[in-house]
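4 protein chains.
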Amino acid sequence: MATPGYVDEKAAILRRLRRIEGQIRGLERMIDDDQYCINVLDQVSATTRALQAVALQLLREHMSHCVTEAVAQGGRGAEVKLNEASAAIARLVRS
Amino acid sequence: MATPGYVDEKAAILRRLRRIEGQIRGLERMIDDDQYCINVLDQVSATTRALQAVALQLLREHMSHCVTEAVAQGGRGAEVKLNEASAAIARLVRS
Amino acid sequence: MATPGYVDEKAAILRRLRRIEGQIRGLERMIDDDQYCINVLDQVSATTRALQAVALQLLREHMSHCVTEAVAQGGRGAEVKLNEASAAIARLVRS
Amino acid sequence: MATPGYVDEKAAILRRLRRIEGQIRGLERMIDDDQYCINVLDQVSATTRALQAVALQLLREHMSHCVTEAVAQGGRGAEVKLNEASAAIARLVRS
Numbered sequence: 027m028a029t030p031g032y033v034d035e036k037a038a039i040l041r042r043l044r045r046i047e048g049q050i051r052g053l054e055r056m057i058d059d060d061q062y063c064i065n066v067l068d069q070v071s072a073t074t075r076a077l078q079a080v081a082l083q084l085l086r087e088h089m090s091h092c093v094t095e096a097v098a099q100g101g102r103g104a105e106v107k108l109n110e111a112s113a114a115i116a117r118l119v120r121s
Numbered sequence: 027m028a029t030p031g032y033v034d035e036k037a038a039i040l041r042r043l044r045r046i047e048g049q050i051r052g053l054e055r056m057i058d059d060d061q062y063c064i065n066v067l068d069q070v071s072a073t074t075r076a077l078q079a080v081a082l083q084l085l086r087e088h089m090s091h092c093v094t095e096a097v098a099q100g101g102r103g104a105e106v107k108l109n110e111a112s113a114a115i116a117r118l119v120r121s
Numbered sequence: 027m028a029t030p031g032y033v034d035e036k037a038a039i040l041r042r043l044r045r046i047e048g049q050i051r052g053l054e055r056m057i058d059d060d061q062y063c064i065n066v067l068d069q070v071s072a073t074t075r076a077l078q079a080v081a082l083q084l085l086r087e088h089m090s091h092c093v094t095e096a097v098a099q100g101g102r103g104a105e106v107k108l109n110e111a112s113a114a115i116a117r118l119v120r121s
Numbered sequence: 027m028a029t030p031g032y033v034d035e036k037a038a039i040l041r042r043l044r045r046i047e048g049q050i051r052g053l054e055r056m057i058d059d060d061q062y063c064i065n066v067l068d069q070v071s072a073t074t075r076a077l078q079a080v081a082l083q084l085l086r087e088h089m090s091h092c093v094t095e096a097v098a099q100g101g102r103g104a105e106v107k108l109n110e111a112s113a114a115i116a117r118l119v120r121s
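Residue numbers (this note's numbering), protein chains in the order written: chain E, 27 to 121; chain P, 27 to 121; chain Z, 27 to 121; chain G, 27 to 121.
Be careful, since some hints might not be right.
Interface residues of chain E toward chain G, partial, derived using beta-carbon atoms under 8 Å [claimed, not checked]:
| no. | residue |
| --- | --- |
| 1 | V33 |
| 2 | L82 |
| 3 | V97 |
| 4 | Q99 |
| 5 | S112 |
| 6 | I115 |
Reference excerpt, derived from the structure (chain G facing chain E, CB under 8 Å, subset only) [what the hints assert, rightly or not]:
| no. | residue |
| --- | --- |
| 7 | S71 |
| 8 | Q99 |
| 9 | G101 |
What follows is a list of derived Cβ distance ranges for each label pair [said to hold, decoys possible]:
| no. | chain 1 | residue 1 | chain 2 | residue 2 | range |
| --- | --- | --- | --- | --- | --- |
| 10 | Z | G48 | E | E54 | 45 to 53 Å |
| 11 | G | G101 | P | E105 | 38 to 46 Å |
| 12 | E | A79 | Z | R102 | 20 to 28 Å |
| 13 | Z | Y62 | G | R102 | 14 to 22 Å |
| 14 | P | D34 | G | E54 | 56 to 64 Å |
| 15 | P | E105 | E | T29 | 22 to 30 Å |
| 16 | G | G48 | Z | A113 | 21 to 29 Å |
| 17 | G | R120 | E | N65 | 51 to 59 Å |
| 18 | E | Y62 | G | G101 | 25 to 33 Å |
| 19 | Z | R45 | E | R41 | 36 to 44 Å |
| 20 | E | A72 | Z | Y62 | 43 to 51 Å |
| 21 | G | Q69 | E | E54 | 24 to 32 Å |
| 22 | P | A37 | E | A72 | 42 to 50 Å |
| 23 | P | D34 | Z | R45 | 30 to 38 Å |
Think of the hints as simulated: they come from the structure by calculation, not from any bench.
We put the CB at the ideal spot given by N, CA and C, even for glycine.
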């Protein structure tokens, strides 16, 4: 298996994900404690934005490394990688 | 503290949140295992959608109970609840 | 046909929509003039946000009037209106 | 001024934008005719999705041409283009 584009940022991405895991557990506690709906909703929005930030970082690393390398090598591989990245961006924009 | 609108759905919402917590831990394992960027991104999109579904369920319960009760009582309290719900929806649409 | 919830805001909503129509025509001119992709993209994002603001205003008026009236009358009609509003919010969050 | 990435798709993009302009005018007529809030909202959602589709097409063309050329030439220009594209994607995801 090839090295992923985010290899130099693994520690930073894992830290972000562990913080998001903590936010989810915080949400579970809020529900358990019957916290007010609107306060829970605001925490869900904050967690969603944190997840989107992880997605944007992964995408940036993917383009700077995997897509860049494929384009530098040229040919059919470059096109495949560009189509794949475009499809992932579309899913991200729509989610 | 008043009973929150989602009180009858607590078990279902907690189940959803625990599943999302599992998805986040799955993402951590994917990063740890150097999984391919696009595969990680797709799991992030799936997790974001699952979080949005929780937000939509909380909002539905909030409107069916908290907002409905405030409107039935009428007066200034109804207006406050409607403005508060509108603001929460705006944050949700923009997150 | 009943009066829609936004009846008192018709002029304001029409003004917003005409401004958005102008933004769309501005986008057509940018494409016609071969403007740089990123500049066009930023104008598309601004136009999307302007459309979302119209949606949020329509939704706020709908809840303050149509949903509120149905809830005040109670019964099955209130439930129908709440379900309908929840479904519209879900489509908005996912679009 | 350089040729934009979407140059081969100008006609298709202009067609999409003119259709969206028609959707906006349709929204103005709906408001003018006091159409039901939820029906208007659904048309706003459809128009927002059509605008997002234009953004995704512009982005795909930008990556396949402008970013690809900059990467093929290498150096600082490639990095600038990748950062610029990442920032545009972030604005798109958040709008």
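Hint check results:
1. V33: Result: violated, 17 Å to nearest chain G Cβ.
2. L82: 5 Å, holds
3. V97: Interface hint status for E/V97: holds (4 Å vs cutoff 8 Å).
4. Q99: 10 Å, violated
5. S112: 4 Å, holds
6. I115: Given a least distance of 6 Å, the restraint on E/I115 holds.
7. S71: 12 Å, violated
8. Q99: 10 Å, violated
9. G101: 12 Å, violated
10. Z/G48 / E/E54: 45 to 53 Å: Given about 47 Å between the Cβ atoms, the range holds.
11. G/G101 / P/E105: 38 to 46 Å: Roughly 59 Å apart at Cβ, these two residues miss the hinted range, so it is violated.
12. E/A79 / Z/R102: 20 to 28 Å: 44 Å, violated
13. Z/Y62 / G/R102: 14 to 22 Å: 18 Å, holds
14. P/D34 / G/E54: 56 to 64 Å: Cβ of P/D34 to Cβ of G/E54: about 42 Å, so the range 56 to 64 Å is violated.
15. P/E105 / E/T29: 22 to 30 Å: 57 Å, violated
16. G/G48 / Z/A113: 21 to 29 Å: 26 Å Cβ-Cβ, so the 21 to 29 Å window holds.
17. G/R120 / E/N65: 51 to 59 Å: 23 Å, violated
18. E/Y62 / G/G101: 25 to 33 Å: 54 Å, violated
19. Z/R45 / E/R41: 36 to 44 Å: Holds, since Z/R45 and E/R41 (Cβ atoms, about 43 Å apart) stay within the stated range.
20. E/A72 / Z/Y62: 43 to 51 Å: At roughly 34 Å between Cβ atoms, Z/Y62 and E/A72 fall outside 43 to 51 Å, so the hint is violated.
21. G/Q69 / E/E54: 24 to 32 Å: Hint violated: Cβ distance 38 Å, outside 24 to 32 Å.
22. P/A37 / E/A72: 42 to 50 Å: Since P/A37 and E/A72 have Cβ atoms about 24 Å apart, the given range 42 to 50 Å is violated.
23. P/D34 / Z/R45: 30 to 38 Å: 44 Å, violated
Consistency note: the structure conflicts with the earlier hints numbered 1, 4, 7, 8, 9, 11, 12, 14, 15, 17, 18, 20, 21, 22 and 23.
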